[in-house]
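Enquirer: Below are the chains, spelled out letter by letter.
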Amino acid sequence: MSRRRPLFLPSALTAGLVFLYAPIVSMIVYSFNASRLVTVWGGFSAKWYHELAGDRQMLQAAWLSLRIALATASGAVLLGILAALALVRFGRFRGRTLLSGMVTAPLVMPEVITGLSLLLLFVAVEGVPFMPSSRGFATIVIAHVTLTLSYVTIVIQSRLATMDESLEEAALDLGARPAKVFVAITLPLIAPAVASGWLLAFTLSLDDLVIASFTAGPSTNTLPMMIFSKVRLGVTPEINALATIMVAIVTVFVAIAGVLMSRQERARQRDLRLAAANP
Amino acid sequence: MTQARNEAPRWLTALSHSGPSARLTRLLHRCGICGRTAVIVPPLLWLTLFFLVPFVIVLKISFAEQQLAVPPYTPLIDWAGGGSPHLHLHVSSYAYLLGDPLYVQAFLSSLWVAAISTALCLAIGYPMAYAIARADRSWRNTLLLAIVLPFWTSFLLRVYAWIGLLRNNGLINQLLLSLGIVHEPLVMLQTDFAMYVGIVYSYLPFMILPLYANLEKHDPALLEAAVDLGCTPARAFRQVTLPLSLPGIIAGCMLVFIPAVGEFVIPRLLGGTNSLMIGRVLWDEFFSNRDWPVASSVAIVLLAVLVAPMVILQRYLGRDGAPGAATATMHGRPQPGAPQPLP
Numbered sequence: 001m002s003r004r005r006p007l008f009l010p011s012a013l014t015a016g017l018v019f020l021y022a023p024i025v026s027m028i029v030y031s032f033n034a035s036r037l038v039t040v041w042g043g044f045s046a047k048w049y050h051e052l053a054g055d056r057q058m059l060q061a062a063w064l065s066l067r068i069a070l071a072t073a074s075g076a077v078l079l080g081i082l083a084a085l086a087l088v089r090f091g092r093f094r095g096r097t098l099l100s101g102m103v104t105a106p107l108v109m110p111e112v113i114t115g116l117s118l119l120l121l122f123v124a125v126e127g128v129p130f131m132p133s134s135r136g137f138a139t140i141v142i143a144h145v146t147l148t149l150s151y152v153t154i155v156i157q158s159r160l161a162t163m164d165e166s167l168e169e170a171a172l173d174l175g176a177r178p179a180k181v182f183v184a185i186t187l188p189l190i191a192p193a194v195a196s197g198w199l200l201a202f203t204l205s206l207d208d209l210v211i212a213s214f215t216a217g218p219s220t221n222t223l224p225m226m227i228f229s230k231v232r233l234g235v236t237p238e239i240n241a242l243a244t245i246m247v248a249i250v251t252v253f254v255a256i257a258g259v260l261m262s263r264q265e266r267a268r269q270r271d272l273r274l275a276a277a278n279p
Numbered sequence: 001m002t003q004a005r006n007e008a009p010r011w012l013t014a015l016s017h018s019g020p021s022a023r024l025t026r027l028l029h030r031c032g033i034c035g036r037t038a039v040i041v042p043p044l045l046w047l048t049l050f051f052l053v054p055f056v057i058v059l060k061i062s063f064a065e066q067q068l069a070v071p072p073y074t075p076l077i078d079w080a081g082g083g084s085p086h087l088h089l090h091v092s093s094y095a096y097l098l099g100d101p102l103y104v105q106a107f108l109s110s111l112w113v114a115a116i117s118t119a120l121c122l123a124i125g126y127p128m129a130y131a132i133a134r135a136d137r138s139w140r141n142t143l144l145l146a147i148v149l150p151f152w153t154s155f156l157l158r159v160y161a162w163i164g165l166l167r168n169n170g171l172i173n174q175l176l177l178s179l180g181i182v183h184e185p186l187v188m189l190q191t192d193f194a195m196y197v198g199i200v201y202s203y204l205p206f207m208i209l210p211l212y213a214n215l216e217k218h219d220p221a222l223l224e225a226a227v228d229l230g231c232t233p234a235r236a237f238r239q240v241t242l243p244l245s246l247p248g249i250i251a252g253c254m255l256v257f258i259p260a261v262g263e264f265v266i267p268r269l270l271g272g273t274n275s276l277m278i279g280r281v282l283w284d285e286f287f288s289n290r291d292w293p294v295a296s297s298v299a300i301v302l303l304a305v306l307v308a309p310m311v312i313l314q315r316y317l318g319r320d321g322a323p324g325a326a327t328a329t330m331h332g333r334p335q336p337g338a339p340q341p342l343p
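From first to last, the protein sequence lines stand for chains G and W. Numbering of the first sequence is given in the working numbering, commencing with residue 1 and proceeding in unit increments. Numbering of the second sequence is given in the working numbering, commencing with residue 1 and proceeding in unit increments.
Hints listed in this document are in silico derivations from the structure and should not be mistaken for laboratory results. Fair warning: there could be bad hints in the mix.
If you anchor each label on the Cβ, the simulated ranges turn out as follows [what the hints assert, rightly or not]:
hint: 1; chain 1: G; residue 1: Phe-8; chain 2: W; residue 2: Leu-49; range: 20 to 28 Å
hint: 2; chain 1: G; residue 1: Gln-57; chain 2: W; residue 2: Thr-142; range: 38 to 46 Å
hint: 3; chain 1: W; residue 1: Phe-287; chain 2: G; residue 2: Leu-260; range: 40 to 48 Å
hint: 4; chain 1: G; residue 1: Asp-55; chain 2: W; residue 2: Leu-45; range: 37 to 45 Å
hint: 5; chain 1: G; residue 1: Met-131; chain 2: W; residue 2: Ser-138; range: 25 to 33 Å
hint: 6; chain 1: G; residue 1: Phe-8; chain 2: W; residue 2: Phe-193; range: 54 to 62 Å
hint: 7; chain 1: G; residue 1: Ile-245; chain 2: W; residue 2: Phe-287; range: 43 to 51 Å
hint: 8; chain 1: W; residue 1: Thr-74; chain 2: G; residue 2: Gly-91; range: 22 to 30 Å
hint: 9; chain 1: W; residue 1: Tyr-96; chain 2: G; residue 2: Met-131; range: 47 to 55 Å
Virtual Cβ for every residue (Gly too), placed ideally from N, Cα, C.
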């Protein structure tokens with residue numbers, strides 16, 4: 001047993017990673033398949049990419065999803081910063097339990113429940129001033145902000161909680177107003193968390209099928225809704241091409257973010273060492 | 001500049017001794033409170049309006065009856081009867097749910113499928129999380145990123161990829177056929193097997209990340225001590241590592257179990273046509289049958305079933321100390337390359 005254990009763990013990890021990546025790799029490979037039959041290799045070809053580029057409906061849906069994701073991520077970040085500040089820095093206040101409960105609950109709430117309840121709300125408030133009068137872009141954005149707000153808040157919250165408060169205190173002692181302290185000190189320090197929260201909300205919004213299906217009007221079609229209706233009708237190689245493009249974009253983004261953050265982290269470490277060396 | 005900054009408070013202190021300054025201080029104080037309120041109120045209001053109130057509406061509609069109108073349910077309070085409101089509380093949709101064995105069965109089978117999927121995730125995820133936690137420190141972030149990276153790409157497309165793999169003429173069947181392991185293609189798509197594969201595949205990181213957050217904090221000295229005292233590694237694992245990782249296990253299990261119970265997309269795309277998952281029942285009830293009251297009562301019952309696991313989750317996520325460690329990773333997609341807490 002003692003001799004097998006060191007082998008068991010790495011092989012379990014390798015098998016798990018193969019399990020995670022095999023479907024994605026197979027999609028990428030078949031997106032370059034010339035044959036329409038997904039199972040037969042008909043030679044290398046980029047024709048599914050051409051077909052995708054000519055699919056107006058798909059492009060429209062993608063553009064709509066991108067706009068929804070941009071609006072969602074920005075809205076969720078604004079509200080998420082406030083919620084995280086309130087939960088981490090404000091100690092006890094009335095409504096704190098309510099707020100922290102409502103921040104964590106959407107994380108695990110089954111999507112069908114969130115979607116249904118939001119749609120019923122939108123139907124109920126139709127005609128009420130300041131509320132969306134018809135379903136479509138605005139209702140999907142509201143629904144997505146509600147969903148992604150939890151993720152964003154938790155990411156920023158964990159950054160705030162591990163941050164050194166003494167810098168803010170020093171600025172306050174020197175007479176800066178709280179708003180000034182937030183802009184000059186807190187915001188730059190939590191910027192990486194804000195950025196990753198924004199990206200997270202963006203991808204979650206871009207990915208959501210269930211909640212968008214509930215809250216979209218009859219004429220609104222987001223990209224996941226298009227993919228879903230296509231996939232239900234059968235496998236099309238066009239979807240493989242779309243998946244490959246998305247994987248490529250994500251990989252590039254994650255690589256850039258990784259490089260930037262590790263560089264920033266190294267700079268921070270260097271500053272810390274310098275600060276420790278010259279007290 | 002420095003002088004100006006030093007002047008300001010003195011100027012304020014001087015003022016605060018005189019009459020009008022008291023009012024000013026009070027005003028400032030009130031503004032300070034205003035600042036706090038301005039921070040607290042928007043998210044609180046937003047979540048109350050778009051998360052809490054909708055549930056009240058769902059609850060309300062679950063007590064209505066279906067009717068052919070816009071909106072397609074009867075009003076709960078009727079003002080028609082000359083000034084005095086009449087309360088119409090229909091429990092018919094709940095009676096319908098409990099009376100029809102199909103719904104009861106759908107609830108039970110959803111809980112069962114979610115439980116099996118959770119167990120499978122734990123069985124696959126625990127060794128992976130443990131392997132990462134015990135890997136070389138320089139490797140850990142890369143390995144974690146490898147676990148998380150697929151989940152930045154579309155969930156729908158990843159489920160779709162499994163269709164291509166599991167079909168009768170899909171990659172797996174072709175591989176098995178060419179190796180001579182089977183002689184005719186296995187029917188895997190639209191079976192429970194495919195559904196379990198899909199759910200385990202989609203929720204695996206939700207198990208691995210909280211487990212890793214827990215296992216990574218274990219002190220290796222504890223295991224060394226156990227071995228020094230004559231424990232076999234297997235027994236040391238059973239008596240030291242496993243009990244210590246219990247909070248991680250529970251958090252991971254709840255994070256997989258709760259959303260899996262209400263899963264819709266995976267059963268719809270990979271499961272059989274007769275797979276009875278409650279998320280799918282709710283969807284069909286709403287979109288195909290247009291029966292809003294029954295769909296609402298399905299949601300309310302589902303919520304009631306899930307309250308207990310949600311409370312457990314809340315407790316165990318809080319227990320791991322800072323909200324950071326466990327919760328930051330729980331969303332399944334921690335910040336790529338984000339600085340991990342320093343050792």
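Enquirer: Which of the stated hints cannot be reconciled with the structure, identified by number in ascending sequence?
Expert: Per hint list: 1, 5, 6, 7, 8, 9 violated.
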